[in-house]
Amino acid sequence: DAGVTQSPTHLIKTRGQHVTLRCSPISGHKSVSWYQQVLGQGPQFIFQYYEKEERGRGNFPDRFSARQFPNYSSELNVNALLLGDSALYLCASSLAAGDTQYFGPGTRLTVL
Amino acid sequence: AQSVTQLDSQVPVFEEAPVELRCNYSSSVSVYLFWYVQYPNQGLQLLLKYLSGSTLVKGINGFEAEFNKSQTSFHLRKPSVHISDTAEYFCAVSDRLGGSQGNLIFGKGTKLSVKP
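Protein chains in written order, with the working numbering: chain A, 1 to 112; chain B, 1 to 116.
Check before you lean on any hint, since a few could be wrong.
[Unchecked claim] Stretches of chain B that chain A covers, calculated by requiring three or more beta carbons in the stretch to come under 8 Å of a beta carbon on chain A:
id	region
1	39 to 51
2	103 to 116
[Stated by the list, open to error] Chain B is faced by these chain A residues, among others (derived, beta-carbon under 10 Å):
id	residue
3	G3
4	P43
5	F45
6	G56
7	N77
8	N79
9	L82
10	A92
11	Y102
12	G104
[What the hints assert, rightly or not] Far from chain B, some chain A residues (derived; all Cβ distances over 12 Å):
id	residue
13	R15
14	H18
15	Q37
16	D62
17	F69
18	S73
19	G106
20	V111
21	L112
For the record, the hints were derived by calculation from the structure and aren't laboratory data. Quantities reported herein were computed from a predicted structural model and do not represent experimental measurements. Every residue gets a Cβ at the ideal spot worked out from N, C-alpha and C, and that includes glycine.
Whole structure, please, built from the sequences with the hints as guidance.
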């Protein structure tokens, strides 16, 4: 069975631009969560979606937004990019909102 | 609010030696506990989890961890490591929300380096 997939693998943007990251959950999983992992740190929770509704939001500015589609895939959008947004963005899926999370390989975002 | 402290940022060890990676947590509510491993340039892979029951949890690749409620610890152990265990290991906690798992709070990670 395919695991969580994320695209693109790597991305380079400049300050002020916006970016869209994509995630496809494990087949049968209905919940997707997004995490930001800055170099040298553990992942930090950004959002969780379940059945297309936001179920949780971490301590991130409004420049960060996300949505979940009817097929349970998800997008993370970041507007007005800052240098500090450079990080590995991880997507995790779970059967439902309260179940064990399984992570994808991540998207490495570099903001210049 | 919960927090996780991984007491060692780096642990060097020789191949076939035992290893223990330490994790302490702080929480005002009951928690679930997890260990994830991250190989270079990859995402996180679940090693093991403690949800309830026996405090000694066995995971993949020969790893195990013991939940100690009085010491608020969840240390990860392996009796004999291999070169392929070289990776970064993350301890994480989540709330118990009526039996469901909340969002994950991670420690800063421990880099395990296995030398021949």
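Do the hints match the structure? See the list:
Evaluation of the coverage hint for the region 39 to 51 of chain B: fulfilled, as 6 residues show C-beta separations to chain A shorter than 8 Å, against a requirement of three. Given as covered by chain A, the region 103 to 116 of chain B passes the check, having 7 residues with a CB less than 8 Å from a CB of that chain where 3 are the minimum. Because the smallest distance between the Cβ of A:G3 and any Cβ of chain B comes to about 9 Å, under 10 Å, the interface hint for this residue holds. Nearest Cβ of chain B to the Cβ of A:P43: about 5 Å, under the 10 Å cut. The hint holds.
Evaluation of the A:F45 hint against chain B yields a held restraint, the C-beta minimum of about 5 Å falling below 10 Å. Below 10 Å, beta-carbon pairs count as interface contacts, and A:G56 has one with chain B at about 5 Å; its hint therefore holds. Hint on A:N77 is violated. Least Cβ distance to chain B is approximately 20 Å, over the 10 Å limit. With 10 Å as the threshold, the beta carbon of A:N79 stays out of range of chain B, its nearest partner Cβ sitting at about 23 Å, so the hint is violated.
The criterion of a C-beta within 10 Å of any C-beta in chain B is not met by A:L82, whose closest approach is roughly 22 Å, and the hint is violated. A least Cβ separation of about 8 Å between A:A92 and chain B falls short of the 10 Å threshold, and the interface hint therefore holds. With a cut of 10 Å, the hint placing A:Y102 at the interface with chain B holds, because the nearest CB-to-CB distance is about 6 Å. For A:G104, the shortest C-beta to C-beta distance to chain B is roughly 5 Å, which falls under 10 Å, so the interface hint holds.
Every CB of chain B lies more than 12 Å from the CB of A:R15, the least distance being 25 Å, so the non-interface label holds. With a cut of 12 Å on Cβ distances, A:H18 stays outside the contact zone with chain B, its closest approach being about 24 Å. Annotated as non-interface, A:Q37 brings its C-beta within 12 Å of a C-beta of chain B; the closest such distance is 8 Å. Look at A:D62: its CB is around 19 Å from the nearest CB on chain B, clear of 12 Å, so calling it non-interface holds up.
Residue placement check: A:F69 keeps its beta carbon more than 12 Å from all beta carbons of chain B (closest about 21 Å). For A:S73, the shortest C-beta to C-beta distance to chain B comes to about 17 Å, beyond the 12 Å cut-off, and the non-interface label holds. Non-interface status of A:G106 relative to chain B is broken: a Cβ of that chain comes within 12 Å, the nearest being about 5 Å off. The Cβ of A:V111 sits about 19 Å from the closest Cβ of chain B, beyond the 12 Å cut-off, so the non-interface label holds.
Against chain B, the non-interface label of A:L112 holds: every CB pair exceeds 12 Å, the least being about 20 Å.
The structure does not agree with the numbered hints 7, 8, 9, 15 and 19 stated previously, though it agrees with the rest.
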